[in-house]
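Take the given structure of chain H and dock chains U, R and B to it, following the hints.
Protein chains: 4
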Amino acid sequence: MRFFSDNAAPVHPKVWEAMRGADSLDTAYDGDRWSARLDAAFSAVFGRECRAMAVTTGTAANALACAAMAEGHQGILCHEEAHIEMDEAGAPGFYAGGAKLMLLPGAGAKIAPETIAARLDAIRPDVHQVQAAGISITNATEYGLVYSADEVAGIAALAKAGGLKLHMDGARFANAAARLDGDARAVTEGVDLLSFGCVKNGGMSAEALVFFDTDLYAATDYRRKRAGHLLSKGRYLAAQILAMLEDDLWLENARTANAAAAMLGAAAGGRLLYPVEANEIFLKLSAEEAAGLRNRGFDFYDWGPFSEEGGAARLVTSWQHEAADVQPLADAIAAL
Amino acid sequence: MRFFSDNAAPVHPKVWEAMRGADSLDTAYDGDRWSARLDAAFSAVFGRECRAMAVTTGTAANALACAAMAEGHQGILCHEEAHIEMDEAGAPGFYAGGAKLMLLPGAGAKIAPETIAARLDAIRPDVHQVQAAGISITNATEYGLVYSADEVAGIAALAKAGGLKLHMDGARFANAAARLDGDARAVTEGVDLLSFGCVKNGGMSAEALVFFDTDLYAATDYRRKRAGHLLSKGRYLAAQILAMLEDDLWLENARTANAAAAMLGAAAGGRLLYPVEANEIFLKLSAEEAAGLRNRGFDFYDWGPFSEEGGAARLVTSWQHEAADVQPLADAIAAL
Amino acid sequence: MRFFSDNAAPVHPKVWEAMRGADSLDTAYDGDRWSARLDAAFSAVFGRECRAMAVTTGTAANALACAAMAEGHQGILCHEEAHIEMDEAGAPGFYAGGAKLMLLPGAGAKIAPETIAARLDAIRPDVHQVQAAGISITNATEYGLVYSADEVAGIAALAKAGGLKLHMDGARFANAAARLDGDARAVTEGVDLLSFGCVKNGGMSAEALVFFDTDLYAATDYRRKRAGHLLSKGRYLAAQILAMLEDDLWLENARTANAAAAMLGAAAGGRLLYPVEANEIFLKLSAEEAAGLRNRGFDFYDWGPFSEEGGAARLVTSWQHEAADVQPLADAIAAL
Amino acid sequence: MRFFSDNAAPVHPKVWEAMRGADSLDTAYDGDRWSARLDAAFSAVFGRECRAMAVTTGTAANALACAAMAEGHQGILCHEEAHIEMDEAGAPGFYAGGAKLMLLPGAGAKIAPETIAARLDAIRPDVHQVQAAGISITNATEYGLVYSADEVAGIAALAKAGGLKLHMDGARFANAAARLDGDARAVTEGVDLLSFGCVKNGGMSAEALVFFDTDLYAATDYRRKRAGHLLSKGRYLAAQILAMLEDDLWLENARTANAAAAMLGAAAGGRLLYPVEANEIFLKLSAEEAAGLRNRGFDFYDWGPFSEEGGAARLVTSWQHEAADVQPLADAIAAL
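Protein chains in written order, with this note's numbering: chain H, 2 to 337; chain U, 2 to 337; chain R, 2 to 337; chain B, 2 to 337.
Pulled out of the complex, with its shape left as it was, chain H reads as follows (with noise of 0.2 Å):
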């Protein structure tokens, strides 16, 4: 059985029926009939008016809010760990134009409003130095934790004070709205643009960028076809999302991926390098505990080097692990 990633998972039976439904001939690149029904099906998600549009990557949705966000001569504000900075190539810099990301700490890769309060008022207010024009904080982060709606909340307050862009990288948005009963809406507000996954959470190749602030839809539109990411059979990417939000599949997927991390991660116990919230786990292991556990056929994914001291596995669950395929990996765990 595979923890290595969400990434790659198959994709869910509901998702397949979906692009088959949308097999025939229609209107090219988002002129379909499938296309025009995403900015209502977000409005309902998040009880509040607005647009959205199809991606194939996180990359992609993430480097066009930042381009939404900011000029090439300004900044945008994230954890120094968070995906953008770390496992996008740059992306980033490519898509706004040279735009620096400012480097934020925290434990858990979640940002504290402090940290950011405390940037924003070290940046001189001359043309010397780059001004901040976005903030970006991933939610779940990208250890796994979840930030409450107060904790989004705070960071909003900050932005709309110092007249900032908010953006959410969702890659696992479903596995925090899990954590958070469901409540997609309060975790959102204030928010300006998320990214919201769809991959990882048993799609195939469709991720969706949603705009709260309807303003920024029109620029970003052209940006998305100069990116070479308006693709010619849109109905096909429609089709997933619109899979994935109709009866709370994205929900009802995350909750599995969820629970499984969850039984993981009480087998871990006092091995977890930080709380599991969402669907990923971190824990301690030597380098044998490492390779006895693969030797009896679990993947994963090694969390930085192995020493003397030891080292850290990332386990990351997905839809697919139901708890009997689970209970095999938390018994050799905690019999670690």
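Certain hints may be false.
To be verified - Derived coverage of chain U by chain B (criterion: at least 3 residues anywhere in the stretch with Cβ under 8 Å from a Cβ of chain B; other residues may be distant):
1. 68-74
2. 127-133
3. 221-229
Because the hints were derived from the structure by calculation, they are not lab data.
In this text the structure is predicted, and so the values were computed from the model without any measurement.
Beta carbons: idealized from backbone N, C-alpha and C, even for Gly.
The following block gives chains U, R and B in isolation, referenced to the frame of chain H:
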């Protein structure tokens, strides 16, 4: 029956089958078994060693090719009606750091070697003028004309002599190759980069960028990721492409489309604006004739405005258009 | 005597004097007393409130103007022989994030309003095509022609109607203004940004970018710094510009140059390719005639290649060319 | 007496004289006799063949160097308080197509080889992470410390081993060289590109970018023009630089400034935050002490905010500060 665009056609059954065959957990991004087979599959098609990567749009393939050919301070020669100039929202300028497209005339969107030579001669070799670093041609062209192997060789010789890279936009390369008896090798001699289209030819969301100059692959691999075009579940793209290449489905589909276009071209006779060499037909129509055809259920694209002197229409055929499907439209055109 | 370029002339004594006058310790960058006077000085010249910043080249002024008018996914209409297209190494594409220059024809490098209108009409308002956001005209043009106030107003009306910004490249604005009896205000009505040239007109290293649309100043201030065009000792630039504006030195110098050009134009008679309206003369010459003039010590620029049908030369006059200096060349041309 | 910044000092008489000496009509841009002498002049200073180009700001020199080292998808290692990170408005990201500055810690803005090695080791060699292509160090550093020849050699060895280019920001290179007994060659061994500062050292508007890796010159020549940094009358820049190099004026001026700084450093004693090795002094001051010094006519820069625990000031000396000018401030500091 719609003849609006091959972009609008559904997905070929064999492509669906291949995607379903890739629907198991595998390594993310392009570390999977299907992606690993792309290089060999294209090397077999082109009869020489090449490398290939999957992207989701022709715009992405073309723009990555532009970035591989030219730095921001350089230029790329192309036809003034090339897709990269007219219909990609400025993507080449984005990907290639502001590199300039240097526009050339030519009937039917085809560029003659002499036109290229004259333009290169006119560039002063000093720092005030943008120097050309690449040439991009489209085969089949935006007006459905096909460059022969000899014609490409003439341009390739100029490129080589001038130290320029040569890119072929092959959004409809299959249709061109079908016209040329399937000889994919000869028509790409001297070409460094090929955007190999699949989506218009029965694919869902996968295009390939083929590197005959394999040295250009490594940096492009980073640029693809940076542009957000490395999909998490790349195997579903690779599977589509492999399905097209195996058993020559790409040529079979293109032959069907070309045959349908030939039928319509024969029916159009003297109305044709260009010879029909691939799967596009441009014909003169009055506004009344256009309306009449539409009333009978035939859908197509107006090519420019209708005036008192009449107007023109673009019809595009696809892998779906069997002879029996096309006959009614052919008859209707012949009867105008 | 050299008539190669006004770029090559020495620095006017009053400009030297002004620079020496600024040679005491003062606040760095543009925090000094001279820089602080630029806005008022230009507001006086143009009879309305404007802002201004110093840069060191016309290329920088023009490219900053382009960045102020258009985002990377947009376009700027200009003449196909405009300096920004032909001789600035792609600077507009660099500063404006890959924005596209959309090239227009027109005799003498002058653009007619109808040409602009037709091009705007031809752009499909969809995300596949680059939308125009600005217009750039050159006054005096690259062929020494001068747009009148009425001609500029015609273009400005189109810009306003279409929501586009209007930039004037005034590398030789002084020569145009001198032609128009010094009425700097009328000929800039409706213009948003003006590159106000000083270097060709007796300056050493200072050009000004003038903002009639003062809202565009703030972001440009950051972009100037980011481009490395905010000089540490900005006072030496500001002093040059102030020297040009005070006591109308800019107009006086331009009148001298224009008068010299008029003498040469009168001597050239039917050889002229364009009417002489500013300080450039383009005339037909055979290779023998060109060589003959050069043998007599007159230096100038070949305009294109010499062929059997003859060729052409460009002569440019400057503030240095008093009548007595020019008479020998006028005589030599008349005697050809 | 102002100790605010060496940027604010007037122009040295020999620089004025050199500019006046260039005040005759000559070929435009850098085709003149003065520009032609730059390569030889720098080759003499550095004891090996190099090429050089004039620009008007250190920001331009540094940013061009960054563009020469890294493509947009790559990164450049530098200190987290480097001028290119803190005070150039994001210029490196602009010139180098969004390339990332990868920030390193180090006391006194100095980077240790081990810090570089550790950071390079931490970069995963895959397309998800930005790969480093260059290193930029500042000598003298932003806190007035001087890298010795051995220290530079240690970093250069790492750069060479990793296939990275090495840039030295020498805004105050003269002060560093003066500290090192004028040995410009040894301290630049292994360096590929040097921003050679003149403006802070008595120049008006000319800095030089020196290419020890001469292969990097050609593309940079285009990039300089594209950035608007090729001045029409380049001879006035070249003349400034030549004046600095000839008769070792650059070292003479730097020695004067360094001696003044040493006097102030000796007076400051235990208040010093960093050893005084070049021409900058950072010292602890209370708000009252700072006010007291200012009341007596001494001007300087607050280094960070004043709090109950006190604060700090930055004083910078220049070529103008003869011992007699500095003595009063030294006495005042000693008397605090």
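Each hint, compared with the structure:
no.: 1; hint: 68-74; verdict: holds (count 3)
no.: 2; hint: 127-133; verdict: holds (count 3)
no.: 3; hint: 221-229; verdict: holds (count 6)
Hint violations for this structure: none, all hints satisfied.
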